[in-house]
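Colleague: Each chain, letter by letter, is given below.
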Amino acid sequence: MDFLPTIITVLDSTIRLSIPLLLACLAGLYSERSGIFDIGLEGKMLAGAFAAGSAAFVFGSAWIGLGMAILVAVALALVHGFASITHRGNQIVSGVAINFIAAGATIILGQAWFAQGGRTPQVSGPGRFNAVELPGAAALRDVPVLGTIYADLLSGHTILVYLAFLTVPVTWWVLYRTRFGLRLRAVGENPAAVDTAGISVPWLRYRAVICTGILSGAAGAYLALAMNAGFVKDMTAGRGYIALAALIFAKWRPVPAMFACLLFGFLDALSIRLQGTPLPLVGRVPVQFMQALPYILTVILLAGFIGKAIPPRAGGVPYVKER
Amino acid sequence: MSVPYAKLPRWVDYGLIPLINLVVAFAVAGLVVLLVGENPLSAAAIMIEGAFGRGQNIAYTLYYATSFIFTGLAVAVAFHGGLFNIGGEGQAYIGGLGVVLVVLNLDAVFPWYVNFPLAVVGAGLAGALWALIPAYLQAKRGSHIVITTIMFNFIAASLMVYLLVDVLKPLGQMAPQTRAFAEGGQLPKLNWIIELFGARIRSAPFNISFLLALAAAFGVWVLIWRTKLGYEIRTQGFSPKAARYAGIGEARIIIITMMISGALAGMMALNPVMGDQNRLQLDFVTGAGFVGIAVALMGRSHPAGIVPAAILFGVLYQGGAEIAFEMPAISRDMIVIIQGLVILFAGALEHMFRPPIQAFFASLGNPARSNGAAREGQA
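Those sequence lines, one after another, are chains A and B.
Letter by letter, the first sequence follows residues 1 to 323 of the numbering used here.
Letter by letter, the second sequence follows residues 324 to 702 of the numbering used here.
If you're looking for bench data, these hints aren't it; they were derived computationally from the structure.
A hint or two may mislead.
Under the rule of at most 27 Å between Cα atoms (straight-line distance), these lysine-lysine pairs were calculated in the DSSO-like manner [to be verified]:
id: 1; chain 1: B; residue 1: K330; chain 2: B; residue 2: K564
id: 2; chain 1: B; residue 1: K551; chain 2: A; residue 2: K321
id: 3; chain 1: B; residue 1: K551; chain 2: B; residue 2: K564
id: 4; chain 1: B; residue 1: K564; chain 2: A; residue 2: K321
id: 5; chain 1: A; residue 1: K251; chain 2: B; residue 2: K551
id: 6; chain 1: B; residue 1: K564; chain 2: B; residue 2: K463
id: 7; chain 1: B; residue 1: K551; chain 2: B; residue 2: K463
Everything numeric in this text was worked out from a predicted model, so none of it was measured.
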């Protein structure tokens, strides 16, 4: 077995599998940093994927699909905001509600509009995000090792992949180098202080959940239009929760979030690669164990056996202006 | 707060506001039906007919309701302790494992009335143990119970697939399920109760675990409102600080509450596994664990509210199946939307209609008194 191509294949699928996690994870970061827990990432992603799949099929354009995905996910994020900011409802309950509404509505509407058992029709050509060749990839392919890595691993992904990785430094910059970011972090730690400074807590938090909506919509569009060729029911398959786990793993910071998502993506890629092949020492590992591994790891992680994750202090607590 | 404070009469707090929330949830669901091009009113008529039209349908409605009473109680007990147990789905799934461990070994040995109590213990114990780990991690390591119970749902699903495919499936059988239970592993039906009222039932899975569910509902009421432990659970849920000050062991209460919750969720498995399918199948829970969240929120975490809420969701499940027959555009997934809307309006937005209602009741009452109450509320 040739070693380098195998590693490159696994790492290549690691990148592809970690992008939806990364976008969803950064989505959650904005909301949770502002003190609004968001367990509804899964639902927003799913609704976004459905909107992307339907719009891309109808209009034949992946970009319109992306736009619709963002629109729908922002709408759901605003529902979450309305419940948890304006009406000070329980944020977890609201997130659970959004997950169910999205899970049911995507199937019902998909069946009513396209009559294909809840999936949207296949899209192709400009309806999908297609692979982008980085400049010089073909020329450098023959350079040993580095050339292969450049041509086969870094080049040849869809534009959304590069945008997702670009979102990491952008998020870092927004969070730590802008006035908005400072206030966002402050409102997640001590909203009363932000309020005292004359800044509207609800408006700040609403802007945060809108950012969440945009990025989780993009995650959904990636699932439907880049990883697959259309929407399939329940296609998020728990990725929203894994993204949430990655966010906790990363202690609510953007750059570690990227590494956490890459790790979970790697586990996923590895489990696909290792299906059925016996491992040295342990023998054949059941597929189900590999599938459960990200969840098991998250539990171990959350238990604080690998560092301690401390959430934003005001997270999950509705802000009451005056009593 | 700017809204005048008025203590609402009990019937408003426990009757009117939940009713308004529910009506709004169903109105929005009606809009979805309208959006897919069907008439919501005739859909509702088909649903009611499908749930209550014949004795057969009533039996099915109550069969589904049985499962939801268990999971609803499970979520409610955790709510009282200030914990959100999203893991009912996984705990019920593992509860099925507890059932078959008893039944597969004893179904040819003992009659059902011996096996049933043992299976109740098995299901409860299995569910409780599955809830124990997240509870322990929350109590001792501070990891968030919501996230861990979600993770445990996924782990339970993987574990059960593995066990059914590789361990429990008899040789030479294709479908991933256990062997069929002998007579001693099958619960007697309760269909004769409905037949007493003159209806005729060909076959329906309505079985004796319904009575167990009602007993569990009563048991939860006694536990939460009539025992010292229940008082401690409620104190912990209402104010962890006060509980600590009163010397109530926080870790102990979290673990006990979650184990009771897990046991109740686990017992849900008795209904489909021993009462209907008579074997353990993949995905036999079919979302009942999640329905429990909606049921508990709708029933305001009180058994007297949970039982009717569970029956309402039984109506939705049974009637929803009939709608899927008559209106091909509406599949059973409609229930998932309704479930989400109920959770949204009865849970997250439960206070949305409170300020206007309070203002209304304040304006009704004696002006001087309600002003005094307003000042009190602001203090």
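Colleague: All hints are to be evaluated individually against the structure, with a verdict given for each.
Modeller: Structure-based check of all given hints:
1. A hinted pair counts as satisfied when its Cα atoms are at most 27 Å apart, and K330/B with K564/B qualifies at roughly 26 Å.
2. For the proposed pair K551/B and K321/A, the alpha carbon gap of about 36 Å is over 27 Å, so the pair is violated.
3. About 18 Å separates the Cα atoms of K551/B and K564/B, which keeps this hinted pair within 27 Å; it holds.
4. A hinted pair counts as satisfied when its Cα atoms are at most 27 Å apart, and K564/B with K321/A qualifies at roughly 22 Å.
5. Annotation: proposed proximity of K251/A to K551/B is violated, straight-line Cα distance about 39 Å (limit 27 Å).
6. A hinted pair counts as satisfied when its Cα atoms are at most 27 Å apart, and K564/B with K463/B qualifies at roughly 17 Å.
7. Restraint check for K551/B and K463/B: satisfied, since their Cα atoms lie roughly 23 Å apart, inside the 27 Å limit.
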